[in-house]
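A.B. asks: With the hints as constraints, model all of the structure from the sequences given.
Protein chains: 2
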Amino acid sequence: MAVGEAIWPTIYPIEGVKLGVAQAGIRYKNRNDVLLIELAENSTAAAVFTQNAFCAAPVSVAKANLQSANPRYLVINSGNANACTGDLGERACLQTLQALSQTCGIPQAQVLPFSTGVIGEQLPTEKLVAALPQALANLDTENWRIAAESIMTTDTRPKAASRQVKLNGETIAITGIAKGAGMIRPNMATMLAYIATDASVSKTVLQHACASAANASFNRITIDGDTSTNDSCVLMATGKRQVHIDSTESAEYREFYSALEQVFQSLAQQIVRDGEGASKFVTIEVKNGRNKEECLKIAYAIAHSPLVKTALFASDPNWGRIVAAIGYADIDGLDASKIDVYLDDVQVVENGQRAAGYTEEAGQSVFSNAEFSIIVDLHRGSESELIWTTDLSHEYVTINAEYRS
Amino acid sequence: MAVGEAIWPTIYPIEGVKLGVAQAGIRYKNRNDVLLIELAENSTAAAVFTQNAFCAAPVSVAKANLQSANPRYLVINSGNANACTGDLGERACLQTLQALSQTCGIPQAQVLPFSTGVIGEQLPTEKLVAALPQALANLDTENWRIAAESIMTTDTRPKAASRQVKLNGETIAITGIAKGAGMIRPNMATMLAYIATDASVSKTVLQHACASAANASFNRITIDGDTSTNDSCVLMATGKRQVHIDSTESAEYREFYSALEQVFQSLAQQIVRDGEGASKFVTIEVKNGRNKEECLKIAYAIAHSPLVKTALFASDPNWGRIVAAIGYADIDGLDASKIDVYLDDVQVVENGQRAAGYTEEAGQSVFSNAEFSIIVDLHRGSESELIWTTDLSHEYVTINAEYRS
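So the protein sequences, as listed, match chains A and B.
Start counting the first sequence at 22; every next residue gets the next number (our numbering).
Start counting the second sequence at 22; every next residue gets the next number (our numbering).
Just so you know, these hints were derived from the structure itself, not from any lab.
Just so you know, not all the hints are guaranteed correct.
Since the list gives no way to pick one copy over another, a pair counts as held whenever it fits inside one copy or between any two copies.
[Said to hold, decoys possible] In the DSSO-like style, the derived pairs of lysine-lysine whose C-alpha atoms are separated by at most 30 Å in a straight line are:
id: 1; residue 1: K261; residue 2: K224
id: 2; residue 1: K359; residue 2: K84
id: 3; residue 1: K318; residue 2: K308
id: 4; residue 1: K313; residue 2: K224
C.D. replies: Written out as structure tokens, the structure is:
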């Protein structure tokens, strides 16, 4: 199940970025499970990673390598997360980088590794290494779709977003892919996401842009509240266009960032729409709080409540569960009698109780849609936040009771 | 579904406590939905209530009345929570108390109201008031079972616990009932629980005992992480036995408290065993943390993870999901490489990775049981905590997608 039509967007390839895939048979049979991304020389890269204390071996290695050099290759496998695998896991990771660095004649530090799949099983390095020549052989700038497919696990759809922007008379492009459908409650970064541009962006600016855009997108979604051990989001710039972005204060940066945030948000929303067992795509907006933290706390309390999520699944406008979640979000001095709640533009709660004009039919007509908003007005400040989430369905239970992720 | 056999315990009636039930037809047909508890004169009472900011009208009224007088009657209805009902809800509550106070010739402040059921609908006061004479007419010290049944909502079993203790040559009894199966993640008190003793206990000591025992029982369970708007736990002492407990420092208090905690914990565990759709009763113990807060934070992260809960339902010892939950519990400076995890006495994780001797079969044999423990050793301090929880099953989704609670 997934929300809305699966639409593959128009993709603007990025000069300086080539993608190659291969079948390593790590866990899945008869499908691509290895992705290689090649970056042109002098490209810059930035990334944000999972905050999970049990971060996977490839996450530690990618972090360290990114600090010491500009990457030329990213090697990604699906089917095995190489997480909670200790020293053996780190060795498996380094062996893969060594093989690639020898074949391509580049330092190991210029390769970044990523893994997604089952936690706690050792990575079959020899299978991964054996598949690298195949991936190298089919590197191409046009391979975005098969690249997006190769990193899928419980995803039912490949995810991509792409934008063009004209800056100082030159057209630049931003294109990205992502994967993720479960264990989704990113904290500073999410699942796997790779976004590239052909503009020239300094590493400092790129890091700032990557962190800001991830915060406005991947850090605003939740499917099941579980933060993965492998979340990684990488932003790359090849500098193939004569557009130089060296300061976050410039007009160019603002235009570039605006398009970048659209790409990030599109990818993040595609992840929610493809949430495990998802039948609803719900925006939760909390308005007029004292600060952003309390707005987010309430939004996540609603989004994580199994009772709210099952009511979403049932298309039952059970607003009592929404106010109960607001009430236990542990907000200092919250005055329940000031709170209004809307389902799209239907007011259901006014001053903490059922709104005078509310009818079950009106609530029902909103909840029957596949996409809608729950809007909470706290009337105690001027800050707002919004997040995106899904329902909790029988299919979610089936997927996670049957799939060893 | 529920875990284990439904066992109705031996009940020691409490002299000075009478229980009466009635059919008001508030929401349920052909079953008792009103409970009246009558306390002998000079009884003392204490209580802890929900911390939900949207606390229900009866909770506000009960809190205020308990402060101003010793209660003689508790009136409880199931089927309607009288929560988020504003001024009308408070008026409905007070009308009920007024009717009872006039019939019995006692001040209104000596009546405590409680409600459980659907949130956001107005309480049909006239039905409740009309049923009071029936409840008064069948008041009896032996009615604990029909009392426990009358307060059930999505519960599949009545819940009770009872203990006798010999203090200074005199035998006292402690007997309690509780209800609750969903919207269970108490915070300072839970659902509805009524516990009485025939000892004489001063109000101050009773409040201390009630808060301590609730903290060691109802505040250590979670089914779905949702804290209800109506949680209330009342402890009553009739003083019919010549045992006086006036200080928390006395030997009598320690013995009394020990039995009391057993009654509270038995009721709390019965609630978890009867959790909506529950097929597993799981104890989560976190050992050797720096402080109790971090132990509880990790325990609840595991207990609330939908991925862990669906793995419990599937009897799949998917320990990767357990360590992922530990990792995102947001514990300052947590060193994943020091952590051990056990399933009962089977070590599954050693120093943050799969234990050398662990086999899937060993893990499977534990997870196949209906009751087991997940034990996490942090190796960074000397504090421990444990909580009790359930799995997330298809039946949970069905119950909450179909039942308007």
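A.B. asks: For K318 vs K308, is the C-alpha pair at or below 30 Å within one copy, between two copies, both, or neither?
C.D. replies: Answer is both: 12 Å inside a copy and 28 Å across each meet the 30 Å cutoff.
A.B. asks: Measure nothing new, just compare the shortest in-copy and cross-copy C-alpha distances for K359 and K84 to 30 Å and report within, between, both or neither.
C.D. replies: Between copies only: 22 Å across chains, 46 Å inside a chain, cut-off 30 Å.
A.B. asks: Which holds for K313 with K224 at a C-alpha limit of 30 Å: within a copy, between copies, both or neither?
C.D. replies: The answer is within: 29 Å in one copy meets 30 Å, while 42 Å across copies does not.
A.B. asks: For the identical chains here, do K261 and K224 meet the 30 Å Cα criterion within one copy, between copies, both, or neither?
C.D. replies: For K261 and K224, the Cα distance is within 30 Å only inside one copy (15 Å; across copies 78 Å).
When the structure is compared with the earlier hints, no violation turns up for any of them.
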